[in-house]
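These protein sequence lines are chains A, B and C, in that order. Residue numbering for the first sequence follows my numbering, beginning at 1 and increasing consecutively. Residue numbering for the second sequence follows my numbering, beginning at 1001 and increasing consecutively. Residue numbering for the third sequence follows my numbering, beginning at 2001 and increasing consecutively.
There may be inaccurate statements among the hints.
Stated by the list, open to error - Here are the simulated DSS-like pairs of lysine-lysine, each with C-alpha atoms no more than 27 Å apart in a straight line:
{"id": "1", "chain 1": "C", "residue 1": "LYS2214", "chain 2": "C", "residue 2": "LYS2101"}
{"id": "2", "chain 1": "B", "residue 1": "LYS1143", "chain 2": "A", "residue 2": "LYS88"}
{"id": "3", "chain 1": "B", "residue 1": "LYS1211", "chain 2": "C", "residue 2": "LYS2188"}
{"id": "4", "chain 1": "A", "residue 1": "LYS2", "chain 2": "B", "residue 2": "LYS1211"}
{"id": "5", "chain 1": "B", "residue 1": "LYS1213", "chain 2": "B", "residue 2": "LYS1101"}
{"id": "6", "chain 1": "B", "residue 1": "LYS1068", "chain 2": "B", "residue 2": "LYS1237"}
{"id": "7", "chain 1": "A", "residue 1": "LYS2", "chain 2": "B", "residue 2": "LYS1027"}
{"id": "8", "chain 1": "B", "residue 1": "LYS1143", "chain 2": "A", "residue 2": "LYS22"}
{"id": "9", "chain 1": "B", "residue 1": "LYS1267", "chain 2": "B", "residue 2": "LYS1213"}
{"id": "10", "chain 1": "B", "residue 1": "LYS1213", "chain 2": "C", "residue 2": "LYS2011"}
None of these hints come from the bench; they were simulated from the model.
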Amino acid sequence: MKAHYGYKDGSGDYFIIIDTDKCNGCQKCVEVCPYGVLEIIEDEFDIEGGSMAAVTEEHRKKIKYSCGPCKPITGERKLPCVLACEAKAIIHSW
Amino acid sequence: MSDNPEEFWRWREYRHTTPDMDWHNAKMITAGVDIGSVGSKAAVMLDGELYAYSAMRTGGVSEETAIKAMNWAIEETGLKTENINYVVGTGYGRVNVPFAKRTITEIACHARGAHYIYGPTVRTVLDIGGQDCKAIRCDEKGKVMSFLMNDKCAAGTGRGLEVFADLIRTPIEELGKTSLNVENEPQPVSNTCVIFAKAESVALLRQGWQKEKVSAAYHLAMVNRIIDLLTKVGIEKDFVVTGGVAKNPGIITRLERNLGIKPLEPKLDPILAGAIGSALFAKALYEKELGLR
Amino acid sequence: MITAGIDVGAKYVKIVFLEEGKNILTRASGVVGFDILKSVTVISEKALDNAGLTRDQITHIVATGMGRKATLKTPPINVEEIVPEVIADAKGAYHLVPTVKTVIDVGAEEGRGVKIDEKGKVRDFVINERCAAGAGTFIETMARALEVNVEDMGPLALKSTEVIPMNAQCAVFAESEVVSLIHSRVTKENISKAIHDAMAGRIASMVLRVGVEKDVALIGGVARNPGFKPPLEKELNTEILVPDHPQYVGALGAALLALKMEG
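Just chain A, same shape as in the assembly (with noise of 0.2 Å):
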């Protein structure tokens, strides 16, 4: 499943997309991130279970912003939380 985390306001798409059949829970991403914004979750989306990376509920109104300072206008990007995952399941939309 691919799961879109965030936002589209008017000033633009901001999603961190999610693939949840590559991720595998490892927690890279949420030791990585600066700000907080990832997490493990138990998989709420089937009855099955097992745990996923995904936005954490108090950012995902706001990941533009919580997001902003790993984003410089110019210069190099290197977003922690995609450098991290081995799996590659981590995309950013914007």
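Position chains B and C against the provided structure of chain A, taking the given hints into account.
Same frame as chain A, now just chains B and C:
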């Protein structure tokens, strides 16, 4: 019904029991309670078939609303909460359903519920709730393949329509119909922010535009916004719309016109999709508990 | 030589008449109506009248702001050139504060962050548009929900005693949140503070994308609100300068750019 005729955003609450069904004959009685930000819905199923349901406005305390919605759904059936084998809570207030054994996210419940209401050909579910908009892609079993939820911003949500209903003093149930009373579609207002769209609408009304024309401009903006979100998960046939806004023909007609895809006609009130989906998950969970799965 | 700068904002038109690129002769403003061109014409003519000037005495006019396009080369004001807000902001702010490196402009419907070099040239900018939550309209909408005048919002916030978080990121949802805070007896002072904190948080994150370098100037209509600067300083962890008449900085910048048209 609204006690105050000035509250144009208020919608009617209702309940229903399916005739010719008797819970005494059921092997499994399961229920789903969907506590949304604006409306709360309860659905009771007998062996996976819809038996009774209710839809009401969410009150200040979610726990109380959950109990009220459930009691109202089973009113006059003789059924008691204790007789229900398994209850699953979903929606924004899902953790506040006191008698629920488990919670499942509303995304999964809406996909599952849409699958029940519209049949297994459903691949794209658009749910427009009171304070959010969800675009869901699912497989032939009603399992979620991809989803996107926008609950940060009121644009493209039921709340955006409520704001407008109050502005043009038209009951929310009639809003969509009114918006179709135009010869040609006007230019849409801002589709990105309800506050700005409202300000633009006020300006258009002052300029002498008819209510209907302003309403068309507002609905069109909302539809453009929704289509924008839908295209992010991709639209595949069959396409269905659930949630309260599914009952607004001003939105549905324009979605069809601008997408070129006709949403399937619902056989049941699409506002119940989340509650039905959670009652179906409740059945699966109960079967698992009994070792049947 | 007298030049003029007209800043056609989402809510107000601001006009500056400038003599020899130094002396500000007039500052004038008025509300933008439905017909932008008509509003600009009426407000400009009134400003000319009050200053005892005629259109012929103004050598060059440059316009900026969201509604600038409507004014270009249109009689009777005949704006000769239009420039984007970030260019006008940078020019005006650099003129008033020559040490400025970061300009934060918060208007009624837009927020902007502009990075400028030591010569006043724009290096980088970021704009938050078409979302009321990141602009002055947010505070105005919340003032309505709180039933206080928008001018009183800042002073109220400064009298707060407690930090209350606000969860809603959308002005429409925040209205309901404010109403429920009132119902749970949170004071208007504390609610107002929460509103300013939330808005400052959003503007700060936007500005962080271009980076913050001292000196930092805050301009635009929202800069006049005393309740906004303290939480923004806290969020950005830096001191912020607010020039006098911050809402006219864009118009001043346009008037300065008009001077350049002389060649």
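Could you tell me which of the numbered hints above are not met by this structure, giving the numbers in increasing order? Structure breaks hints 3, 4, 5, 6, 7, 9.
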